[in-house]
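> Protein chains in written order, with our numbering: chain A, 51 to 416; chain B, 15 to 349.
Rather than coming from a laboratory, the hints here were simulated on the basis of the structure.
Where hints are given, some of them may not hold.
Partner residues are not named here, just some residues of chain B that face chain A (Cβ under 10 Å, in silico) [unchecked claim]: (1) 159; (2) 163; (3) 231; (4) 234; (5) 319.
Think about it this way: if two alpha-carbon atoms lie no more than 27 Å apart in a straight line, the pair counts; the simulated DSS-like pairs of lysine-lysine are [what the hints assert, rightly or not]: (6) A/319 <-> A/276; (7) A/330 <-> A/319; (8) A/250 <-> B/327; (9) B/159 <-> A/77; (10) A/390 <-> B/159.
Example chain A residues on the side facing chain B (calculated, C-beta under 10 Å, incomplete) [as the list claims (entries may be wrong)]: (11) 59; (12) 66; (13) 81; (14) 182; (15) 244; (16) 399.
Where is the CB? At the ideal position from N, CA and C, for every residue including glycine.
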Amino acid sequence: MIRTEEMLLNVGPQHPSTHGVFRLVLKIDGEIIVEAKPVIGYLHRGTEKLAEDLQYTQIIPYTDRMDYVSAMTNNYVIVHAVETMMGIQVPERAEYLRVLAMELNRVASHLLWWGTFILDFGATSPLLYAFRDREMILNLLNELSGARLTFNYMRVGGVKWDAPEGWLEKVAEFVPYLRGQLKGYHQLVSGNEIFLNRTKGIGKYTKEDAINYSLSGANLRSTGVKWDLRKDEPYSIYDRFDFDVVTREEGDALARYYCRLGEIEESLKIIEQALEQFPKEGEIMAKVPKIIKAPKGEAFVRIEGSRGEIGCYISSDGKKEPYRLKFRRPSFYNLQILPKLLEGESISNLIAILGAVDIVLGEVDG
Amino acid sequence: MVQDLLESSAGLFNFGIFFILAVILLFVILGFVTMAILAERKVLGFMQGRYGPSHVGGKWGLLQSVADVVKLLVKEDLIPKAADRPLFIIAPVIAFAPSFMVMATIPLTDKLQFADLNVGVLYYVAVSGLTIVGMLMAGWASNNKYSLLGGMRAAAQMISYEIPLVMSVLGVILLSGSLSLNDIVETQRESGWFILWQPIAFIVFFIAATAELNRVPFDLAEAENELVAGFHTEYSGFRWAMFMLAEYVYMFAMSALITVIFLGGWLPLPFMGFIPGAVWFALKFSVVVYILIWFRATFPRIRADQLMEFAWKVLLPVALGNIFLTALIKEIFLK
Chain A
51 MIRTEEMLLN VGPQHPSTHG VFRLVLKIDG EIIVEAKPVI GYLHRGTEKL
101 AEDLQYTQII PYTDRMDYVS AMTNNYVIVH AVETMMGIQV PERAEYLRVL
151 AMELNRVASH LLWWGTFILD FGATSPLLYA FRDREMILNL LNELSGARLT
201 FNYMRVGGVK WDAPEGWLEK VAEFVPYLRG QLKGYHQLVS GNEIFLNRTK
251 GIGKYTKEDA INYSLSGANL RSTGVKWDLR KDEPYSIYDR FDFDVVTREE
301 GDALARYYCR LGEIEESLKI IEQALEQFPK EGEIMAKVPK IIKAPKGEAF
351 VRIEGSRGEI GCYISSDGKK EPYRLKFRRP SFYNLQILPK LLEGESISNL
401 IAILGAVDIV LGEVDG
Chain B
15 MVQDLLESSA GLFNFGIFFI LAVILLFVIL GFVTMAILAE RKVLGFMQGR
65 YGPSHVGGKW GLLQSVADVV KLLVKEDLIP KAADRPLFII APVIAFAPSF
115 MVMATIPLTD KLQFADLNVG VLYYVAVSGL TIVGMLMAGW ASNNKYSLLG
165 GMRAAAQMIS YEIPLVMSVL GVILLSGSLS LNDIVETQRE SGWFILWQPI
215 AFIVFFIAAT AELNRVPFDL AEAENELVAG FHTEYSGFRW AMFMLAEYVY
265 MFAMSALITV IFLGGWLPLP FMGFIPGAVW FALKFSVVVY ILIWFRATFP
315 RIRADQLMEF AWKVLLPVAL GNIFLTALIK EIFLK
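Extracted from the complex, chain B is given alone in its bound form (with noise of 0.2 Å):
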């Protein structure tokens, strides 16, 4: 449906369904969220030795998210005096919008996709480094100096980690030959998952995608310890969840990508085929969540100059020599 729509000229009524679409996406990411974060504090709960939310919305604490959003929607809207008005302002939106945008090429089945382009993955990343400018805005809008280092730290660790980030995944590119995230799913129906064929490429680009989510041990960023809470620290209200909303919504796309690229996106396990895609989609994706809130309960943070070290030392080596490895293996084998 959306293929026809995407190839039918533009028009009003078109440009409604697109709109209702996008609107009825971003209720179910925010829903995800709502249960993400809900997730989270469960599950770090439990690895913590202790309960999490439970007591709004029943004794699993379902609606602690919701209370918590109307809690942040409610509370009044601070501007520190010496900020950049303007920019402290739109700060947040520049965050937030990008990891929406993320979200158009995501195919979450075959059939459920917004766009389906030829350079999914490109977009994705072009797209996702935008979301920098936001923090970097933040910081030095902010007029504090804690937010200022926050948003340095931000804008040298997004860099960083692109690069490697981009260049494992050019390995499985090799093996599909294609950038679009459908062909490269409907590869892998036929030659197995990519995290068997990649698995360098799978564990720099998990690593990668972990300190482009600015999440434990790569949350310098924010580092609450040391910079009280980085880029945002004079952030409150909903400003302030906007950048925790781009934040949940990236590990959202970010899994979802990994289950795509590496995964297999919503193809079933042999003999599991009567399993609906979405399902399947729903269950591994899930499993990219649980090892990231994992990584969170279990890490201490990487020190900023040490973050730069790994990227450049050894992640990025790491992934150019598995593009070497992979074109090597490709010449030779799969011709």
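Only chain A is shown next, with the shape it has when bound in the complex (with noise of 0.2 Å):
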């Protein structure tokens, strides 16, 4: 008789695939994994308590910090939040800008997980290709707001900064590059058989767990629920423009890949439906007084940020700082399934599901 022992592992906080530093400890037998138990905390700095003693313009960069692969979406829901309790009409011009800042920060911060999703399974070149095509956004951003990852555009009231001239060509000009770029992708990578084995039915769960463990964005579209904020509960102006919320039915790291990329071919069509409806003029700021004070009470505002709803809960007393910040942070309830996915899994197929699930850190721990 052979004795088999159970070994403990150790998986970060320093290692190439927790995408950052992210603990998981291991119960293992052999390859296979008996007890899964995520650590998480090691990038927390505090978000909610250093907002109470900032005015809110100067939370907005903070939040930048939080999801820094998608801060334009952090940017717009704490500035959103404010402006709902104030009840500020923001320009046209300022929400077209808005939109069209999200949604590429939408598609970078896709292009970015498909690179690294693939990357986890040893295949370095989409990496670069995804990359290159990421560069060319970021650059369009810079442009926008003279930062390349953590924007801080946005304001209480419209945005910091207008288009420079030319800058809408430029997008104009990238949607189409994309589409053929994203042809590509699907060609070098979709119908490869050793990605398709390794994801194919990799990281299973249903509809019912999906909702139960609060999950969202493509994580839950992936089951097959049809939820997406940006049309079922429109904010900004999205209500203006024709796109499909993209689902899929087998709830399988595969699927959550097809939704994450149908979602940026939706991207694109949303930015191009902006691009044509955008105002020729216009402010790109409301009239907001000099120093912010939201009004007395509380709001909570959710928006569909690239990994999820995310959240803001503002409670004030009316000074100039919030009483209570609370973000609602999309890739920490993402991955509270992670221990029951993880559970009777090898340790090949852990890469496989964490890359699915899409966690971003510096939003996980605050």
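Combine both chains into one complex, guided by the hints.
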């Protein structure tokens, strides 16, 4: 009789495929995971607590650093919350600029995910292709906001900068270019037998599980739930655009892959329509008081971020700082299903499952 | 010349000549390894839309690998406290030595070969199988869980893929009637390259060879994204370089072996005999190396259990079928 022993394996916090400082304590039997315990908090900076001592405008850069891959949507959720409380009407042009920035950022975020997801399987080339195209988006956003990652672009009542000359044309050129590239992506990866073998049926969960675990974004839509806040609870000007909510029925890693790639295409549609409807002139800032004070009370807004629903709750006692600020950070919620998914899987599947969930540690740890 | 030497009596002088020849071969191979690493990085760069090395040694980065080696040599020699010291130190040597030993039987041209063993193929397979001992040792001695997993994976993989590798080459041996690599090439002079006669064997052999080389898509033993760096996680500096060296020397040896067995070694294409054999060998050999690099740029990594399944359920039956088919054809048509 051979004696076998369970082994404790620490994956992370420094590990190539934990996408940041995420730690998993695994009990493994050979290469099979018996128990998985996620440990988070290595990147905790206390954004919510810090915000209690900051004026509303000062909070915006902190949101950049939560989900640093898709900072525009984070920017939006905080200004949207304050605007809702103060009842500010944002000018048209600013709204269009915001939507363009958010959708471009969503595409950039999904491209990064696509590259790293396949990198986790050991294929290095797709990452570089994805980065090449993401780079173009970052350049566009750089021209718009002056930063490549932590944009700090939106303000309560509008946006900081107007689009520079020729910027809209550049975006218009970029959309068909990326459509062509997406075809190449599908040719390169989607049909690859090894890739299919590694993602089909891996990390599967049902619709009920997804809802019970409060998953959102592509993680939820991959199970067949048609839920996208841009469509179901339109905020900003999303009700003016015609786009689909991409869903799949399978609920496995491959379904999430297709959902995210599909979302890129839908975002491109939105960008195209936004460019068509873009108002020729107009203000980019509403009339807002010099010092922003949210009225006494509380508000909760939620929007569809790149990784799921981002929520922002503000409780104000009428001062220029919030009394309490709380973000619903989608990566954090999406991560909760991980221990359940990992049980009984092998270490090779671990990275596929973790990769498909798509976490950004800045957002998980807050 | 080599043949005469082999047949002459053993003496200090002959030993000296052999020693010098071996050193020359070592340097040739080291030269190849530095160039192969550079070529790999350049080709990968080309396929991935970037430049690759372009600063050290001119705009093609010709001295990049040299700079890397120097850097590795002068690096601090780290041995983890909890490691099994003797095993940890000897493992890279054990992994590297066989990779160089197999070079002895490979005929680069009809004249340039160190030992024309009459069991050349068998020798290659047997000796190259020793490397796995080094890897397993490294995995165990590092006292690191990732290393251990990597070492175990490497062992399982090597054993599984050695079998289809040998089985596929049996078809060729049936046709050539010899295990000597020289004879295998000579047979191809009359019959044409074995890639034409043994396409199934070639495919099986190529896949198994890629797995033996631990290259994408079979690089599970050092799967960076799962096991950090597998069996050499704890290695750094020159000890790590030894593992890498072994890997690239094997790449050299395996590509040479494929060239010899399936692509007719130094034999020219028809009507192109005016180009010397060494050039032909180098050309065919480069094509094989290029394909291996191409693999690396294209494929994701296969999963450990799928790897095993593939070896035992697909490759082995196909290889066995190929032997049967070859024997049948030989018995009926070529008698």
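> Hint by hint, note whether the structure agrees.
Now the hints, each set against the structure:
| no. | hint | in the structure |
| --- | --- | --- |
| 1 | 159 | 5 Å, holds |
| 2 | 163 | 7 Å, holds |
| 3 | 231 | 6 Å, holds |
| 4 | 234 | 8 Å, holds |
| 5 | 319 | 7 Å, holds |
| 6 | A/319 <-> A/276 | 18 Å, holds |
| 7 | A/330 <-> A/319 | 20 Å, holds |
| 8 | A/250 <-> B/327 | 20 Å, holds |
| 9 | B/159 <-> A/77 | 12 Å, holds |
| 10 | A/390 <-> B/159 | 23 Å, holds |
| 11 | 59 | 5 Å, holds |
| 12 | 66 | 5 Å, holds |
| 13 | 81 | 6 Å, holds |
| 14 | 182 | 6 Å, holds |
| 15 | 244 | 5 Å, holds |
| 16 | 399 | 7 Å, holds |
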